[in-house]
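Asker: Line by line, the protein sequences give chains A and B.
If you're matching positions, the first sequence starts at 4 in our numbering and goes up one per residue.
If you're matching positions, the second sequence starts at 4 in our numbering and goes up one per residue.
Incorrect hints may have been included.
Any copy, or any two copies together, can satisfy a pair, since identical chains are not distinguished.
Said to hold, decoys possible - In silico DSS-like cross-links for lysine-lysine, where the CA-CA straight-line distance does not exceed 30 Å:
(1) 64 x 192
(2) 205 x 215
(3) 192 x 79
(4) 205 x 192
(5) 89 x 205
(6) 74 x 215
(7) 79 x 215
(8) 74 x 205
Because the hints were derived from the structure by calculation, they are not lab data.
2 protein chains.
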Amino acid sequence: MSLVIVGSVAFDTIETPFGRRERVVGGSGTYCSLAASYFTRPRIVGVVGRDFPRRAVAFLKSRRVDLRGLKVRSGKTFHWEGRYEKDPNLRTTVRTELNVFKDFRPEVPSAYAAADIVYLANIDPDGHDFILGQFRRPKVLAMDTIRFWIETKREALRRELGRVDILFANDEEARLLSGEQNLVAAGQKIVGLGPSLVVLKKGEHGALVFGKTFLFGVLAHPSSNVIDPTGAGDAFAGGFLGYLDRAGTLTRRNIRRAAVYGSVLASFVIEDFGIERFRTLNAMAVEGRFREFRRLVSF
Amino acid sequence: MSLVIVGSVAFDTIETPFGRRERVVGGSGTYCSLAASYFTRPRIVGVVGRDFPRRAVAFLKSRRVDLRGLKVRSGKTFHWEGRYEKDPNLRTTVRTELNVFKDFRPEVPSAYAAADIVYLANIDPDGHDFILGQFRRPKVLAMDTIRFWIETKREALRRELGRVDILFANDEEARLLSGEQNLVAAGQKIVGLGPSLVVLKKGEHGALVFGKTFLFGVLAHPSSNVIDPTGAGDAFAGGFLGYLDRAGTLTRRNIRRAAVYGSVLASFVIEDFGIERFRTLNAMAVEGRFREFRRLVSF
């Protein structure tokens, strides 16, 4: 199979109770593809400015991320600045400088057109048609969304939910999208809007996966030391889709395991700032934590 | 084995988005013993006024709850009034009328003195000595606490943590008690204060059980229809301790299963107002949901 991730590659300035990092490499496409790289060879579609460091490109390549779809444009790379309070679920966006991302019209290399899984990470729902027109016939279309699109492009988003196979949403997004406070009701309602699977991410409380006649729950890894929550949701999606890409079929067993791998990858990324944790993370550690999850919940 | 529960037997006036119920039977001892009654024959120590309905006594007896320790005093039964918002985790106490509970000096019937498990539900930590002096030598001492005791009797509470085997706490209490925002750090820190086991209840997100070298996580049953959250925490403790009483030993396997049964009983009680759900709940339904939990988390 093959997995194409369309998303942002960016600089993040991050402040958490553990410190501050200026302009470190981040972005949904970056986190997602690095997480997926433990299972498959993900392909990325994105754009950066000329200020994007060669070392970051080299690191992504060393993780076997296919960067043929990463365009370099004159101008500056997308820059996001955010701050986390003591409660890592409380995030304040201090600044968003879209820069070259502003006019991003994702061009999909012809080598990517036969992708089996296409993941649209935080993409304007009005831009989906343009992107999807460049693919032949993906077996699985996955997307996530953000509060901003839910509030400003609700109709376009509802339309996209009608054709998507997998939707990733966090608790706030699921509540906004469904109008339901109860997360189980929210997940079930969103499945009713179209997606075969809704992956509802609950941060430190894990995730629930809803299907038409299927429900699976996975805990978050019990971490007492969350250094930087940035990218946890994107790493979850990357682990999930990367595993599915490797597994090849969407059986219930594979979906369950994909959710656990998603939770595993999310649990690693928050152990250090930005994408730092990926530098030392190897496949054996990923497998080790997967087994830990089984011990954590078996009875 | 045998389980003695020392706690309140009360009237609750409850308002939730689903309606209002005036002066229905509740109280920590009531919920806890009803939940435990699916596994053992729990013994209750408490006090009510002469206004406490005979039908409620008859119902508790029909569930084989031993009421020899329930004193009837002249005066009115403890009455609590509370309101829940759309988010069932947000509870406002409207009124607390302690009535006969105010001067409650729990007298333990001699027939209860050989109890194996003693559970002190929301009891003033300064009153523990008086109660525990009436037992021979319980194998397991369990307790929970409330925000009020943490804020007003912190030292007495810390002292009691030194001799307790199992502490039940919800997320807010665990944070207050430990000073840690992160729930895993909070649970680990409280284990360091004395208890062999800390059962950290997270409402809709399930529970974590911390031991010195042990960690287990259980989800909440995915309910889309929470009618009345009152008593969920007490039912969790009742299911947990009732199962342990029946199982007879605190092996890791039994502790894991106890936590799942706790979550199962909590999930039932919130499906209707007050203790209503217990009226129709049978052992087969409890076992059925226990098996559902396994399907929910297995991968």
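Asker: For every hint, state whether the structure bears it out.
Answerer: Hint by hint, here is what the structure shows:
1. Proximity of residue 64 and residue 192 under a CA criterion of 30 Å is satisfied in neither setting, with 40 Å inside one chain copy and 42 Å between copies.
2. In the homo-oligomer, the alpha carbons of residue 205 and residue 215 lie at most 30 Å apart both inside one protomer (20 Å) and across protomers (27 Å), since each shortest distance falls under that limit.
3. With identical chains, the CA atoms of residue 192 and residue 79 are never at most 30 Å apart, being 40 Å at best within one copy and 46 Å at best between copies.
4. With identical chains, the CA atoms of residue 205 and residue 192 are at most 30 Å apart both within one copy (17 Å) and between copies (24 Å).
5. For a Cα distance limit of 30 Å, the shortest separation of residue 89 from residue 205 qualifies both inside one copy, at 17 Å, and across copies, at 18 Å.
6. Neither within a single protomer nor between protomers do residue 74 and residue 215 lie at most 30 Å apart by alpha-carbon distance, with minima of 38 Å and 52 Å respectively.
7. Taking the closest pair of Cα atoms, residue 79 and residue 215 never come within 30 Å of each other, the shortest separation being 44 Å inside a single copy and 51 Å across copies.
8. Taking identical chains as interchangeable, the C-alpha atoms of residue 74 and residue 205 are never at most 30 Å apart, the minima being 33 Å within one chain and 45 Å between chains.
Checked against the numbered hints given earlier, this structure breaks hints 1, 3, 6, 7, 8; the rest are met.
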